[in-house]
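Protein chains: 2
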Amino acid sequence: MVAVYSLEDIKRALSDVEMTPHIEQGFVAYSNNEAVVPPVGELLFDDPPGDTHIKYGYIKGGDIYVVKIASGFYKNPEIGLSSSSGLMLVFSQKTGALQAVLLDEGYLTNVRTAIAGRIAAKYLAPKNIQAIGVIGTGIQARMQVEYLKEDTTCRDLFVWGRSDGKVAAYVRDMEKAGFKVTSVDSPALVAKNCNVIITTTPSTIPLLFADDILPGTHITAMGSDTDTKQELDANILGRADIVVGDSLSQCRERGEISKALAAGLLEEKNVHELGRFIADKSSRKIRDNSCISVADLTGVAVQDIQIAAAVCQQLAK
Amino acid sequence: MVAVYSLEDIKRALSDVEMTPHIEQGFVAYSNNEAVVPPVGELLFDDPPGDTHIKYGYIKGGDIYVVKIASGFYKNPEIGLSSSSGLMLVFSQKTGALQAVLLDEGYLTNVRTAIAGRIAAKYLAPKNIQAIGVIGTGIQARMQVEYLKEDTTCRDLFVWGRSDGKVAAYVRDMEKAGFKVTSVDSPALVAKNCNVIITTTPSTIPLLFADDILPGTHITAMGSDTDTKQELDANILGRADIVVGDSLSQCRERGEISKALAAGLLEEKNVHELGRFIADKSSRKIRDNSCISVADLTGVAVQDIQIAAAVCQQLAK
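Sequence lines, in order, name chains Z and U. Each residue of the first sequence is one higher than the one before, counting from 2 in the numbering used here. Each residue of the second sequence is one higher than the one before, counting from 2 in the numbering used here.
FYI, nobody ran anything at the bench for these hints, they're computed from the structure. Mixed in with the good hints, there may be bad ones.
All copies of an identical chain are treated as equivalent in the list; a pair is satisfied when it fits inside any one copy or across any two copies.
Said to hold, decoys possible - Below, computed lysine-lysine pairings styled on DSS-like, alpha-carbon distance capped at 30 Å:
| id | residue 1 | residue 2 |
| --- | --- | --- |
| 1 | LYS270 | LYS12 |
| 2 | LYS167 | LYS123 |
| 3 | LYS167 | LYS282 |
| 4 | LYS95 | LYS167 |
Computed from a predicted structure; not experimentally measured.
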């Protein structure tokens, strides 16, 4: 029977792999058209509200292809369950045969998403981070900061969330993780105190507005991955000096960039694709102290391909 | 950990379920807009040639949703492997959580595809089947006939295939299954001898032409499920008295009907959707002795939903 790995197996394997370079290479391959990544499959549910995304694809000339199913059911915490779940499937590119089932319960998606944020910050964040701001109090609100921690000495963290209880839990957890955490009463107050902001909510109305953003700020917006979710007012992208999307074709359809394009506040020619931005140094703007940048992460199957491939290789050792 | 079922488990469960009514109900639910079935996800491979289809969806108000991954790698038999493989995943519609992994190796797809053919023949085939014709010698060439056997006393079978070796194996197998099998040198000779024809190949050029088809013939074309595959010359559909597709939205994009529409030989208003054809007796043409009918089966996720649901229910007993 095909290899079926539990979350425990996967976490153990992952602890022995330095994933960030793999994901970074994945973005570059994607922007170089070396990856086959069809449009995201989507199932939407009304009652209870939820969405499931199916991301799939392969790197040309590789050994495997990957299908990833990830869902977010946002009322799950009310019944004591994680809002996110899912699995990844690894198949042979030569025979189509299923090789491994990674029952990661959405964990690999969380990791590759957090790593994409780390990569965006690596190329876009100001050199001197005065404080890190987080909008939201869920899994990514934690993991994005944990991964960012690798690349900065800044330990000042501001957070805003809708639920007082969740904010309190977040403050407790992140203080344990070594941060000095300040919870504030509005997203605007996060922006007023921070020059790196990570937005991590499933909001469908803008939470941050252009006038709130300090000069020199980098924003990683990773919460919106459908055509209905939106965390940033489109004027933020309109006024930003640098706008980077993880996938131009996806960002046309979903996420923050799609809203700003539709509002006529942003032109597609001014949107950089992350992999191209990484690979082509000449395309990168020289960042000055007042530069405002936005990275819009909708999640690309190439991240799933890379993390699944690396984990499978480790598990097979 | 989530329940993972092997092919053996699945076959055992399936043997205790009468699946045909479930699949038939699925088609009806689909045509009544009670099913959510987004467009098929597709990955194509060049070297070796292969395709993977991802079909997914749910019946509104049900307990589960299903994601099915099925691939066809047509050179696999050269290295001793089955050309088709795959699995089905069953998730909760209430929490998104994975409930069961059905490692069916493509078997459930084969079964639900064969059952769709049986259903098409039930509503469309002439009352007196003089001989059954099969184009192709693969898995579906066998299973379609096996399932059709339930509803007819006809045991005369004509077959055409490209490979002499595969034809010989097919003849041997189907004679064991109780048929009198005649292999012929061309698809046209199958048509000249049969008033029910099933086409089961991954051909990309037409194999059957309008002038070959006897009056009173029913054709189930199930081989073409992409926009490049085609088994029937479009004139067959143009001249047919009844054309039924399993999914109008899919048949616009892929399969035989899409070719005939694109060629201007068929109008969409003359295409019936299978579920509607089953449910709405008034829409059915009275079949006379000279009536030619075509059922174009591209494979709909609702079949996967129904078979996965029934198998899971049986396995949980």
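Hint-by-hint comparison with the structure:
Taking the closest pair of Cα atoms, LYS270 and LYS12 never come within 30 Å of each other, the shortest separation being 40 Å inside a single copy and 54 Å across copies. For the identical chains of this complex, LYS167 and LYS123 are intra-copy neighbours only, at 28 Å inside a copy versus 58 Å across copies, given an alpha-carbon limit of 30 Å. In this homomeric assembly, LYS167 and LYS282 never come within 30 Å of each other (Cα to Cα): the closest approach is 41 Å inside a single copy and 56 Å across copies. For a Cα distance limit of 30 Å, the shortest separation of LYS95 from LYS167 across copies, 23 Å, qualifies, whereas the shortest one inside one copy, 47 Å, does not.
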